[in-house]
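Participant: Each chain is listed here by its residues.
Number of protein chains: 2
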Amino acid sequence: MSSDQPEQRHRGRMQRKKAAVDAAITRADRDQGLLLVLTGNGKGKSSSAFGMLARALGHGMKVGVAQFIKGRSDTGEEAFFQRQPGVVWHLLGEGFTWETQNLTRDIKTAQRGWAVVREMLRDPSLGLIVLDELTYPLKYGWLEIDTVLADLKARPPMQHVVITGRGAPQALCDAADTVTELRDIKHAFRAGVRAQKGIDL
Amino acid sequence: MSSDQPEQRHRGRMQRKKAAVDAAITRADRDQGLLLVLTGNGKGKSSSAFGMLARALGHGMKVGVAQFIKGRSDTGEEAFFQRQPGVVWHLLGEGFTWETQNLTRDIKTAQRGWAVVREMLRDPSLGLIVLDELTYPLKYGWLEIDTVLADLKARPPMQHVVITGRGAPQALCDAADTVTELRDIKHAFRAGVRAQKGIDL
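From first to last, the protein sequence lines are chains R and Y. The UniProt record's numbering numbers the first residue of the first sequence as 1 and each following residue consecutively. The UniProt record's numbering numbers the first residue of the second sequence as 1 and each following residue consecutively.
Extracted from the complex, chain R is given alone in its bound form (with noise of 0.2 Å):
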């Protein structure tokens, strides 16, 4: 038995999964707009969408974010995002609906908020889309889901849109090309720690 017996079925192994990851590379071959969706209780999809935005004004893209929720403008993301060239941002919501109590208000907010969005999606020149927490409007019902998924889908064939939050509808998910669920396995919240800058905002 050769002493690099190990190092052998080692290599052996890679190259058959070498052989299978580069199989299914060639298959890939489209380019495409890409519709995502980060969904479910787990703590990073918002997160998640703004580290694409870095990626793609890494790239030389311009970018533009929407975000329906929350009203604060203080957040870290914002910070650091609406200081780079390329970026364009808009605050659209006013705090969560427990925050406002006031229904109609919030519904006005959103189809203001959809507005606004939807220039977006008629400007071939943006890359990337950030539609952050836009599953609540839909989810309450201050969106027509039916519009929006109009809306998406006559945007240009090579701009990305990216959507996060809780319970995003099946209608939209179908819609989808990618949908990653985020899981709560553990959340530091629950043992008393309170949203850390850099982290949760």
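In case anyone wonders, no lab produced these hints; they're calculated from the structure. All values reported here derive from a predicted model rather than from experimental measurement. Heads up, some of the hints might be wrong.
Any copy, or any two copies together, can satisfy a pair, since identical chains are not distinguished.
27 Å max Cα-Cα, derived DSSO-like pairs, lysine-lysine [stated by the list, open to error]:
(1) Lys-186 with Lys-139
(2) Lys-17 with Lys-186
(3) Lys-139 with Lys-108
(4) Lys-197 with Lys-108
(5) Lys-18 with Lys-139
(6) Lys-18 with Lys-108
(7) Lys-17 with Lys-153
(8) Lys-153 with Lys-62
Guided by the hints, dock chain Y onto chain R, whose structure is given.
Facilitator: Chain Y in isolation, oriented as in the chain R frame:
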């Protein structure tokens, strides 16, 4: 039946919801450096870590990144964050193990990488550290989990660490404050779309 009854009912429901949310926020009153794990097969783990990086930079924090597997240096995230002030960025990988096909070299690369990380974990000026795809060297046994956990535990008390990658070991999840599992519900790659700039790289 008064015409503003739905509005009143909504207000009542939202007042109760607000009370519950506020009570939970009051209970969570500690500040602490968090250890976060983003695992699972779904798309968005590294993106999520990079989003938190952007948040931290927005609050004026200094941050560090170590990428364990990715050997390529042409990703959007690297191009973007490397040009930001306050970012320390280390590429510690040579690609996936099925690319190198050399076990001894993979082990040496990972261990040299961890020595770099250990220095970052001893630097209290770094408010957030991303250990991107650290789970792979742990899973393949190139790094000892006990060494990694001991170094993480010894870090400055207010330093946040975010670890990404599939198949996070149970001992790592046990040590973490927040764990999110990203489930792959649907992925454009399987429909024949290749990795897209700004989304996947």
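Participant: Could you run down the list of hints and mark each one as holding or not?
Facilitator: To see whether the hints hold, each was checked on the structure:
Taking the shortest Cα distances, Lys-186 and Lys-139 sit within 27 Å of each other both inside one copy (25 Å) and across copies (21 Å). Taking identical chains as interchangeable, the C-alpha atoms of Lys-17 and Lys-186 lie at most 27 Å apart only when they sit on different chains, with a minimum of 22 Å there against 33 Å within one chain. Proximity of Lys-139 and Lys-108 under a CA criterion of 27 Å is satisfied intra-copy only: 15 Å inside one chain copy versus 50 Å between copies. Proximity of Lys-197 to Lys-108 under the C-alpha cut-off of 27 Å is found in neither arrangement, the shortest distances being 31 Å within a copy and 36 Å between copies.
In this assembly of identical chains, Lys-18 and Lys-139 lie within 27 Å of each other by CA distance solely across copies; the values are 18 Å between and 43 Å within a copy. Taking the shortest Cα distances, Lys-18 and Lys-108 sit within 27 Å of each other only across copies (21 Å), while inside one copy they are farther apart (53 Å). Neither within a single protomer nor between protomers do Lys-17 and Lys-153 lie at most 27 Å apart by alpha-carbon distance, with minima of 37 Å and 35 Å respectively. Proximity of Lys-153 and Lys-62 under a CA criterion of 27 Å is satisfied intra-copy only: 20 Å inside one chain copy versus 40 Å between copies.
Consistency note: the structure conflicts with the earlier hints numbered 4, 7.
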